[in-house]
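Please arrange chain V on chain G, whose structure you already have, making use of the hints.
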Amino acid sequence: MSTLWLVISGTLTGAVGPGISVLYAVYGELITERAGRINLGMEGCMLAGACFGFVATAESGSAAIGILAGMAAGAMAASIHAGLVIYRDTNQLATGLALTLFAGGVTAYVGRGYVDDIIQGLNPIAIPGLAGIPVLGEALFRQDILAYVAYGIGPLLWFVLQYTRWGLSLRAVGESAAVSFAAGRNPATLQLAAILLGGALAGVGGAQLSVGLTHTWSEGMTAGRGFIAVALVIFGLWSPLRGMAGALLFGGAVGLQLQLQALGAPVSPFLLDMLPYALTLGVLAVWTGAADRAMPAGLKTILRT
Amino acid sequence: MNSGAGSNESLLSKVHRLWRCGPFSGGEPALRAALGILLALAVFAAFLAATGIDPAAAFSKGWEGVLGSPLGLSEVGVTMIPLLLTALATAVPTRVGLVNVGGEGQLFVGALTATGVALFFPVSQIWLMLPAMALAGCAGGGAWAAIAALLRWWRGVNEVISTLLANYLAILLIDVFVFGPWKNPEGLGYPYTTPFGLAAVFPSIAGSRFHWGFLAPVIALVVTYVILNRTSWGFKMRAVGGNPEAARRRGIAVDRYAIAAMVAGGALAGLAGMVEVSGIHHDLRPGISNNLGYLGLLASWLAGHNPVPIVAACFLIAVFLVAGDVLQLTAGLPSAAGLVLIGLALFFVLGMRRVERRAL
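Top to bottom, those sequences are chains G and V.
Going by my numbering, 18 is the number at position 18 of the first sequence; the sequence numbering is gapless.
Going by my numbering, 264 is the number at position 264 of the second sequence; the sequence numbering is gapless.
Isolated chain G, as found in the complex:
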């Protein structure tokens, strides 16, 4: 019984940390998809953010510069996707996957000298008072600064999309580029902004992984988190707040896996490593009924179900 409680509380306290990097990518992909575009290169943007964020932190000694570098790297990677899909009309799925491969190559190339380094990255900051709450305080209020920023972005993004002019324009483009063009908006510019902003957020997510969470860099360290973010956006029915729940779910799976490993569960550790991916696939299978209705109409040609 006490073991069970240990696993549950350990999972809960461990759920937020690993979920933050994915949460940034979820926000990024969500903005992109609300504008009617899909970016499978999110994985590549995260990887670029993780690599260049780490390298910049290692070279400058400042985690803040590292995070900014990660953000810039993510946006630069996304600019390739944006340029090709918006202005050259290339297939979005193929372009995104090509971007992910390209980013894998560039980061392996650039990061090869940094593989054994450990940096002074971001450290958890305990919020006085709140951090003392059992389990919940430990889980939510003993995180690095990027986690607190991420808590804020979700509601802010929801507000911007729902209640501002720019948010409405963005959603309109996602529903029908032709109609929003007729209404005097420029779909290409709006989508460009959405994809670049999305890439920047994914870059921050990647940097959070290397600079905030692990303080190390390894080749391909994002391990599909960018793709998981794409799945979680669907799970979250294109809403930032439900997206937060999705990222927490992913983080919970990672937390549970680590708890079971620490307890020496008598199964292969690789089987436990499957947990986050299997869970994401599982919730999609259970949950997709509503996705068809919530999906921005502009995505329906590429992401039809």
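FYI, nobody ran anything at the bench for these hints, they're computed from the structure.
There is no bait here: all hints are sound.
Just so you have them, the derived chain V footprint on chain G, three or more residues with Cβ under 8 Å:
1. 93-106
2. 227-233
Short, incomplete list of chain V residues facing chain G, as computed with Cβ under 10 Å:
3. L151
4. V160
5. L298
6. P334
7. A337
8. L346
Note that CB positions come from ideal geometry on N, CA and C, so glycine has one too.
Just chain V, lined up with the frame of chain G:
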């Protein structure tokens, strides 16, 4: 719908068809592809120069090592074998309008099932062993793809997302076995299985690494081409991909064709996994595929998902991959350089197309 090049097809419509097929489909698109590759090489040269490497020397070493030597050419051939199969694994489901991004995972599962047959049902006749392994590989890859196909049909899960996630599951599934029950007890702790018996190995050709497994993609290409372009199955698949509702009203079993195409794609990728373990590694180990599934997908995309130009696209990607390895040995570049070059080439070749309309 135009099934294959009709003899009375007008020149104009022929040009139009080539134009629309993709950059590697011959005629002017091939010219644009060549231009795209040249631009990619130019950017890559700038990238090398920026990282302090003499691009001219690297290019001449790459050319010598890849296309100027029998060893390099045989490596290109060895790399093309699985690439062609994973490219077809994307091309076939595309005909019914499904995007199979799971070639990577299906390859791994095919390697796993083929290895299972080689390890636990060994026979000494090569003509029995290899086909049995190939069948097992196809079954494994097909079953893995069937998960995505069924999730789509039962639960409406988009196959792009499910096949992507399944790739990560497949890679971990291999680890479960090679670090666990299938680990060679005499392997000094390495996560490899026991080496295969002689009958489970594709013989090499002329002492090189190129092996008789090349027959697998050759047969697959011919069969796929014939089925897609010369049979009513292929025609119906295109009908399903073009307009499922119209196909359904015409009496075609849309769901059956779509699931079958997805499973066939998975089987082709699974066959690639079998050919890799049997022809190259002679055992199962982690990391048998370095993005071969994703690269095959992109090759198929460059080729407009047509079996003939797929060969050209796979050749190009294989040359760049081998160039990365050659430059690692001769010019001290990391082998990731090959992936950088492939990425650039994909961007430029994908971008080198006629844009039908301004982005609107």
